[in-house]
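From first to last, the protein sequence lines are chains A and B. Residue numbers for the first sequence, in the numbering used here: 1 to 282. Residue numbers for the second sequence, in the numbering used here: 1001 to 1155.
Derived by calculation from the structure, the hints in this document are not laboratory data. Among these hints, one or two may not hold up.
[Unchecked claim] To give a feel for the contact side, a few chain A residues facing chain B, derived at Cβ under 10 Å:
#, residue
1, Gly6
2, Ser10
3, Gly15
4, Ala132
5, Asp134
6, Tyr142
7, Asp145
8, Thr149
9, Met164
10, Ser282
[Stated by the list, open to error] Residues of chain A clear of chain B, computed beta-carbon distances all greater than 10 Å:
#, residue
11, Ala11
12, Asp65
13, Leu143
14, Pro241
Glycine residues also receive a C-beta, built at the ideal position from the N, C-alpha and C atoms.
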Amino acid sequence: MTSYGGNVTSASFYGCRVFIRDDDALPAVPAGTAVGTSWPGVKAHKARALTLTPAEPMRLQARGDGRTYATFVEPPTDTPSGELRTQAADIDLIELMTSVKDFGCNYRHMVPLASDKVGQESQVIIYAWRKAKDSDPNSDTYLQDMWETRIVLNANAAFQPDPMETDQLSEPRWSLVANSSSVDQYGQTMTEETHGCTEASFIMITSRYKIAYDVFLGNNSETEFTLSNGSATVNADANNPVLAYVDGELTSVTCDANGVVKFASPPADGAKIVIESAHTAS
Amino acid sequence: MATDLSGAIYDWLLEADAAEDYRDLVVSENIKEAGFIDIELLNSAQTTRRSAESSQILATSVQDNGDAPFPVSNEHATVTIRHYDRGYGYKHLRLARDMLREVLREFSTTLDAVAGRRRGVLTLDYAGRTGHRRDTVTNCDWEALTFIGTLLVEE
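Please model the entire structure based on the sequences and the hints provided.
Here is the structure:
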């Protein structure tokens, strides 16, 4: 009897958040974000789907006995590609992902497209989640709710606006190329010992609750960091811990009922803090 | 516990904490399985509401609309929920409609096993509504909302 299934079946897409990938391979925190204030990324509103198509392994074929057979199967040489579809022309998301700026005013938002930034966009980190059921009949939690999350660690994203045709559902799309990353979402270098590989383009997660990432900067004095899901954070479940990584190093923390994470000593000035937590927010 | 989606929704609307706001919109929590709404029940509910002068609807019925196989080992089950009211046109039906759709976003349950196979509700999706209808036999206004659930069936 397993305690919890790693075997899930999913149906519906729930949501997606996007970060710019910084030089340290971790999410970039926008300039001006106050210390202690979470940067949870930009939510892709009305996201419909995140699809990823891993490349095929390469087969080396030979002929013999009048038929074709594979002599070797080698790792894929192509990069996985994919697509993020939304139902909203989301100016905040376009700004973030294409590095252009909203130069409108008041209630008027405007961003340039097909600019000289096309093809020069910053790399992004995307994580998307959807509801699932534990589908392992031997699990203690068979048929109970679970969540499936995918993290694209190092993607190029090119924006394709909705063509605005009559009778067509508004569906802006982002064409993705999921490049390999040698660093995981926490900032840890991937190793054979821990990850079983040294680079990957995306991470698959199954979990009891929805997973969220909050990114902070340290200033060598602040020890308390408030998570974006606040009191909806699962804070007292040993099976669903709050994990804090400071510059890629797992660091012990406590989390109270309001989603305030406390460090025993303040993270260093400029340290990148990535906190993974489970939550029940809708 | 129920063995099908309509039974599960019926139980959930009557019992779940997340459905409390919806139950508050139905006189005397008159949520019934289809076939149990009749003129006497509507008359009684109307009398009850008259003294309270609330914006409740008179009754709700939950109808099983069958299911169909869905690849690979799943099923699509359809459920129709009807709201009944008198004397207020579509006014109270509109409130109940919106509240029903809101609370069912939180719907989640596991069904009882059938022939040894357990089932879980993967998703419950809104699939449309009739809009305002009027029945002259029972002298009531009604609207039906349809939901389709995807069931995960044990292999």
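Verification of the hints:
no.: 1; hint: Gly6; in the structure: 16 Å, violated
no.: 2; hint: Ser10; in the structure: 7 Å, holds
no.: 3; hint: Gly15; in the structure: 13 Å, violated
no.: 4; hint: Ala132; in the structure: 8 Å, holds
no.: 5; hint: Asp134; in the structure: 8 Å, holds
no.: 6; hint: Tyr142; in the structure: 7 Å, holds
no.: 7; hint: Asp145; in the structure: 6 Å, holds
no.: 8; hint: Thr149; in the structure: 17 Å, violated
no.: 9; hint: Met164; in the structure: 26 Å, violated
no.: 10; hint: Ser282; in the structure: 7 Å, holds
no.: 11; hint: Ala11; in the structure: 4 Å, violated
no.: 12; hint: Asp65; in the structure: 36 Å, holds
no.: 13; hint: Leu143; in the structure: 3 Å, violated
no.: 14; hint: Pro241; in the structure: 24 Å, holds
Hint violations for this structure: numbers 1, 3, 8, 9, 11 and 13, all remaining hints satisfied.
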